[in-house]
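Q: Residues per chain are reported as follows:
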Amino acid sequence: MAQTLYDKIWQDHLVTEQEDGSALLYIDQQLLHEVTSPQAFEGLRLADRSVWRIAGNLATPDHNVPTDPKERETGIAGITDLIARTQVSTLDDNCRAFNIEQYDIHDKRQGIVHVMGPEQGATLPGMTIVCGDSHTSTHGAFAALAQGIGTSEVEHVLASQCLLQRKTKNLAVRISGELGHGVYAKDLVLKIIGELGTAGATGHTIEFMGEAIRNLSMEGRMTVCNMAIEAGARAGLVAFDDVTAAYVKGRPLAPSGELWDQALAYWRTLHSDADAVFDTQHSIDVTNMAPQVSWGTSPEMVVAIDGVVPEPVGAKEEGIRNACTYMDLQPGQKMTSIELDRIFIGSCTNARIEDIRVAAQVAKGRKVASSITQAMVVPGSGLVKAQAEEEGLAQILVDAGFEWRAPGCSMCLAMNADKLQPGEHCASTSNRNFEGRQGHNGRTHLVSPATAAAAAIAGHFVDSREFV
Amino acid sequence: MNKFTSHSGIATPMLGDNIDTDQIIPSREMKRVSKVGLADGLFSGQRYLYEGNQKIGANPDFILNQAPYENTSILLSGKNFGCGSSREHAVWALAEYGFKAIIAQSYGEIFFNNALRNGLLPIVLGEAEIAQLAASSSDLTTVTINLRELTVSGNGGSPISFQLETYYQEMLLNGWDFIDLALQFTDQLDDFAKQDRKKRPWAYLSATD
Numbered sequence: 076m077a078q079t080l081y082d083k084i085w086q087d088h089l090v091t092e093q094e095d096g097s098a099l100l101y102i103d104q105q106l107l108h109e110v111t112s113p114q115a116f117e118g119l120r121l122a123d124r125s126v127w128r129i130a131g132n133l134a135t136p137d138h139n140v141p142t143d144p145k146e147r148e149t150g151i152a153g154i155t156d157l158i159a160r161t162q163v164s165t166l167d168d169n170c171r172a173f174n175i176e177q178y179d180i181h182d183k184r185q186g187i188v189h190v191m192g193p194e195q196g197a198t199l200p201g202m203t204i205v206c207g208d209s210h211t212s213t214h215g216a217f218a219a220l221a222q223g224i225g226t227s228e229v230e231h232v233l234a235s236q237c238l239l240q241r242k243t244k245n246l247a248v249r250i251s252g253e254l255g256h257g258v259y260a261k262d263l264v265l266k267i268i269g270e271l272g273t274a275g276a277t278g279h280t281i282e283f284m285g286e287a288i289r290n291l292s293m294e295g296r297m298t299v300c301n302m303a304i305e306a307g308a309r310a311g312l313v314a315f316d317d318v319t320a321a322y323v324k325g326r327p328l329a330p331s332g333e334l335w336d337q338a339l340a341y342w343r344t345l346h347s348d349a350d351a352v353f354d355t356q357h358s359i360d361v362t363n364m365a366p367q368v369s370w371g372t373s374p375e376m377v378v379a380i381d382g383v384v385p386e387p388v389g390a391k392e393e394g395i396r397n398a399c400t401y402m403d404l405q406p407g408q409k410m411t412s413i414e415l416d417r418i419f420i421g422s423c424t425n426a427r428i429e430d431i432r433v434a435a436q437v438a439k440g441r442k443v444a445s446s447i448t449q450a451m452v453v454p455g456s457g458l459v460k461a462q463a464e465e466e467g468l469a470q471i472l473v474d475a476g477f478e479w480r481a482p483g484c485s486m487c488l489a490m491n492a493d494k495l496q497p498g499e500h501c502a503s504t505s506n507r508n509f510e511g512r513q514g515h516n517g518r519t520h521l522v523s524p525a526t527a528a529a530a531a532i533a534g535h536f537v538d539s540r541e542f543v
Numbered sequence: 250m251n252k253f254t255s256h257s258g259i260a261t262p263m264l265g266d267n268i269d270t271d272q273i274i275p276s277r278e279m280k281r282v283s284k285v286g287l288a289d290g291l292f293s294g295q296r297y298l299y300e301g302n303q304k305i306g307a308n309p310d311f312i313l314n315q316a317p318y319e320n321t322s323i324l325l326s327g328k329n330f331g332c333g334s335s336r337e338h339a340v341w342a343l344a345e346y347g348f349k350a351i352i353a354q355s356y357g358e359i360f361f362n363n364a365l366r367n368g369l370l371p372i373v374l375g376e377a378e379i380a381q382l383a384a385s386s387s388d389l390t391t392v393t394i395n396l397r398e399l400t401v402s403g404n405g406g407s408p409i410s411f412q413l414e415t416y417y418q419e420m421l422l423n424g425w426d427f428i429d430l431a432l433q434f435t436d437q438l439d440d441f442a443k444q445d446r447k448k449r450p451w452a453y454l455s456a457t458d
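Chains as they are written, first to last, in the working numbering: chain U, 76 to 543; chain H, 250 to 458.
By construction, these hints were calculated from the structure, which means they are not laboratory data. Predicted model, so just to flag it, every value in this text is computed and none were measured. Some hints could be false.
To be verified - The following label-pair restraints were derived from C-beta to C-beta distances:
#1 U:Asp350 - H:Ala384: 47 to 55 Å
#2 H:Gly424 - U:Asp403: 45 to 53 Å
#3 H:Asp289 - U:Arg120: 21 to 29 Å
#4 U:Thr344 - H:Ala384: 50 to 58 Å
#5 H:Asn404 - U:Asp381: 49 to 57 Å
Glycine included, every Cβ here is placed at the ideal spot set by N, Cα and C.
With the hints as constraints, model all of the structure from the sequences given.
A: Structure, rendered in structure tokens:
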């Protein structure tokens, strides 16, 4: 029978399935970080359980590490927030106690879990991957079934290497047309979420298909899959192809030699069969699509950069009205009239080398507007940071007036010192514009790195295609 | 996990859609390595008054600060409750505050799983049924949940049926542990991994090999 990509990965990881549809799914790789793992390790201790497969776990601190380069110099001891210090040192202690590999705060491989995993080859095609973080969907770019889970399930995977699940439905998002010059994967995924809505993919795994996806780099595909969760999907997927193979080959934890050949033969099967049936379909034509920007307090509240804040009408009238109040915007107001206070370029959505390159391209020879309180660039990992410095990108950004930070999740979730002050507007390359997400009463606009960098220069939103 | 059979309590209507886990507990309130002490951060963005970033007291306009809802144990909401971040802190905070059940039109899937694993019952009902329960709760009345019968009833109203996967119902009724249940399949897990390692040896490489 014809199968979707999701069907194939599911079937190859199915340990047992009960008559009622509940199943145990084998997990290849778990990624751990300091915020959602301590209670899971504590649970193991209380129940006197051991880790089922130690080598199936890999850890790094990211959510609450400081990104101030000075504060980072002395590692854990230098973390001024005592609770953050406890979280990071607890991860150290737990990894040591359970013998789990960790790229710690001093390690140049440390970074946002969803940047580090692919970079190291811990993320491989055809795998099942979990992490106590909803943006685990990122790894679906590698034709891997990657799911965000809660801490109880983190403990469950530590103890049993499997998850109790039911199979989801299949949703195909077919993208036709090509992205124009100066329009990026982030614009594409914002457009998709705007159309699907934040619960549009609930109960589904999305496979992103079509020419525009095939033409994306792995970085771009990761950006798209990263935000599958913002449409409510369990996971996002992109089929394996030569672009995937070229990215994976030679990564430290990727197979080599004969194992590579064996893996490659298997990975070549990681696509939906031509006649596979999807439960739900959605099509988008991206020809002539402009850069996208979120205006409201949900990732589905998206318009084109040359658009306006919508009128509070229709089924979502109350939501639009509430969002306008929170964001201090008027219906009909042009997006380009919104003045920004802070700029954040970073997060598991957009902190890879390609993102830093685009930001530097926009910033080169220009200056951050004097009205901007802070413009920060936070690379996704120590390796991205090193590469950006080697390519001269960091210097370009610093010369333009951006702060060049140490790797971590930073202002995406505002758990550390990087946050908005009440009332501030931020052009952010992250993934959530929920109320208070980037700081109490902060106002977030989700955009691509190009749009964020251009907004930093102009002081307000502007069509970034004029800058690249 | 504690057993859940039935529960009666005051239901608080927060009927908006898309109440995300950042609203339920902002990241700044989850700086802990344990599951306890999170209730103070529940809905903190709306529950307190602020001067800048500083809390200066309870926000009297927020429903949980108003009688009789300070003694609530059931939350009524709209669509997509608990969407967004996977943070289980949202469930721990709700449970520690005293909530035993949520009744909403739909849920973020990760939240739904997290709730079940902590004995916080996530019930799905239709918009009209939730509105009916909300109307009865405003008369200082209680909502009663019977997990064995899979029913919810407002004050004096007839029972409304809801659906829940049988295995989840069994888990909660018996207070079973999800990990214990999975570990009953240890032999199958071992067999699976043994066969799979032959089929996909490249998936068993690791940083520590």
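Q: Looking back at the hints listed earlier, which ones does the structure fail to meet?
A: none
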